[in-house]
Amino acid sequence: MAKPERWQQVSRIFESALALEEDARANYLCEQCGTDESLRQEVEKLIASHGNAAAEGFIESPAVERVAGLFEGDVTEKESARLQKGQSFGSYLVLDRLGAGGMGEVYLATDTRLDRRVALKILPEDVATDKRRMQRFALEARVASTLNQPNILTVFEFGEAESLHFLATEYVDGETLREYLHGTRLKLTEVLDISTQIVAALEAAHEARIVHRDIKPENVMIRRRDHIVKVLDFGLAKLTEKKASESGLGTDTEAPTEFKTEPGHVLGTVAYMSPEQAQGLPVDERSDIWSTGIVIYEMVAGRVPFRGATSSHTIVNILEKEAPPLSQWAKEKVPDELERIVRKALAKNRGERYQTASDLLIDLRNLRKRLEFDSEIERSTSPGIVAATDSYSRNEETAERREKMTRGKSSGKTIGIASAGIVLVVAAAFGLRAWRQPPVAVPSPMSPVATASLPERQLDYWITVQKYREGKPFQEPFRLAREINFEKDYQVRLTLRSPQPGYLYILNESPDGANPLQILFPSPTANGGSALIDENREVHIPERSWFKFDSEQGTETLWVVWSIAAIAEFEAVKKFANRDDLGIISDNKLSDSLKGFLVETSADNLKIEKTDVPPQTILRSPEKIAVHAIKLAHN
Amino acid sequence: MSKNASISPHEITQLLAEWSNGNQAALDKLYPLVYEELRRLAHRFMRRERKGHTLQTTALINEAYLRLVDQKHVHWANRSHFFGISAQIMRRILVDHARGYLREKRGGGAQRVSLDETALVTKERARELIMLNEALDNLAKQDPRRSQVVELRYFGGLNNDEIGEVLKISANTVTRDWNMARAWLYQQLSGA
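Going down the list, the protein sequences come from chains A and B.
Sequential numbering from 0 applies to the first sequence in numbering that gives the first Met the number 0.
Sequential numbering from 0 applies to the second sequence in numbering that gives the first Met the number 0.
The set of hints was computed from the structure by calculation and includes no laboratory data.
Worth double-checking, as some hints may not be accurate.
[Claimed, not checked] With beta-carbon atoms standing in for the labels, derived distance ranges: (1) B:K167 x A:Q7: 40 to 48 Å; (2) A:A25 x B:K167: 30 to 38 Å; (3) B:S7 x A:E321: 41 to 49 Å.
These numbers come from a predicted model, not from an experiment.
The C-beta atom is built at its ideal place from N, Cα and C for all residues, glycine as well.
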């Protein structure tokens, strides 16, 4: 690149020379450049380039026009269109050509019998030769459309006209997910919105024993007017797949490795194929779960997890590589739960995958609720005092719901500490799969592993109090070292910390002990639903708000369980930390057995030290599991 | 699922005003909104008008402008600012697209083997666009104004008068800048 002065000089001479008649230029250049030969050559070259650029119309028409083809996505214009605009076709009138997808050409048409708009899909000819397959497809297409699930594209008719097989379906004015994505990444809320709709469609189809077999962004449409997602082509993959022997992959007939579309146009869909599909093995519903996992991955990451220079390379990657974590590509923070969901959907062994679309749907919906809720909280609260005032009003509703939930109580008393609205409401329906272990009747402390001299375990905690007057925070919050008698309108928060990592569970027992226990930690918003706490990490309970005492007087017990390993019995009750149960372990037998365990274990070898500076309680125990009861008296 | 539902036309108008008064932070907020709007419009226009019609870049940007801003507080100064930024954004959208297109064609996600001639042309043009983009970046290093003239005209679809308005130079200067820049870019791209 030229020096600035040189550049100025070149451009000045160039512009002046250009303004002259051609025959005057040579003289002008000699005059201006003198003995500087390279300067003269440079300007001459530019003048020549100017002439060529003008003659060729270089960058003359706007860029958008020139690269319009980039926007056409998968739709390629073919001269060999089988139907023409304005043509009658059976009882349909062809209005426009919508494009050519993997499964044939698609036209917009009017059904003249019913005067409704439809999308007409003309199936590739070679597909239509196998009668048995056609019948099976006709059946599946009909069954799928009778499911009447809003996310499944409705099939009106499957028929033949002018010796062409066609499918008449609901017309969706919108774009395919492929077009919608267009190499970009979507926001998490949008990803969850779209994926829950895809999985809802699968759930309904799978219940009717229909496997899609070809879930990919091209087969998902997003309706323009309301962003409703429609999954296209149920059962079509089965119809159009080539026999595996033809595609040279395995010997079974189940692998839709390549779909023949139009002559000379082979559309590969390997990137979305499940490992069993890629190996030509029989597929079932779980193959759709895999492909959906890839689609979710792509929406977040902007790329599919398994790629290769050729289809064969891609297949090898599908079979052997692990998908890189989403966080590696995503532009926003990817919740651990989403990583987990995708990982589970993409388990190589289908026995380890989500077994049903319903299970996947539950996890996706819960995550969506959590994100919605979190963002609501972010909007409506800031940490500390503000959270308390904000959540105060919500508390009424919470208490009411809790009352409803406390089964078997004739008095309808509320129990325990009514959370200041946030933690328990937020303990929403995030039925994380790991939480759904079957509850066991009798808690058994973990089986002894190596008993050899464990280092002493330590857990520090303190309570912060926020006084309230007439519903408003009063004075600054302060830390307590020792128990006090809490007044009715005090709000409290418990903070814990340990120099070692470990598993923490906190449960609340009401004053008269008659109510079921309530799990306060972990909750889906506190520590992402995990009981595992890093060393020196302060855990606030509730995380962003305050506990508020209810009107029932007495002494609340907060049971703190600090363990070197996860305890299955407590992991099992995490499932109650959801929007409906509000943490209340409504299974009385289970709750009672946990209480028994807590009381029994709390005496074990626990050293309790209280310091005033800083105000805190230090628990020390040589045991693998330490249990301690924090008493909060309120009158 | 609307991607920019949270910002009102009034706020966008405000941001434009702030930006034209020299507040760079306002531009940071505007950029993604305009990007999104233009991307959507470009897609829509492409699909609707690709048969035979030529696409009017200015019409596209104008529609984006009308959709984004508060009609009651439109100022011409803001409008030319908007066109300036839009050209820059269109450039990015197209280059991003071209890159994505080539990535896909190279055999990424959807392994596509296409013998389609239009696809080959598109591929060629995508490459060309990326090269032009780089050359334009190089031009900007030594002659930012000439690079801007190209950006406004080629990516923003503005005519010389409009470019002059945005850059506060005369239409004649725009023509001279264009000639020099185009010749230089042609040279770079043709390897002459």
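Here is what the structure says about each hint:
Checking the proposed 40 to 48 Å range against B:K167 and A:Q7 shows it is violated: the Cβ atoms sit about 20 Å from each other. For the pair A:A25 and B:K167, the beta carbons lie near 36 Å from each other, so the given range of 30 to 38 Å is met. A hinted range of 41 to 49 Å for the beta carbons of B:S7 and A:E321 is consistent with their spacing of about 44 Å.
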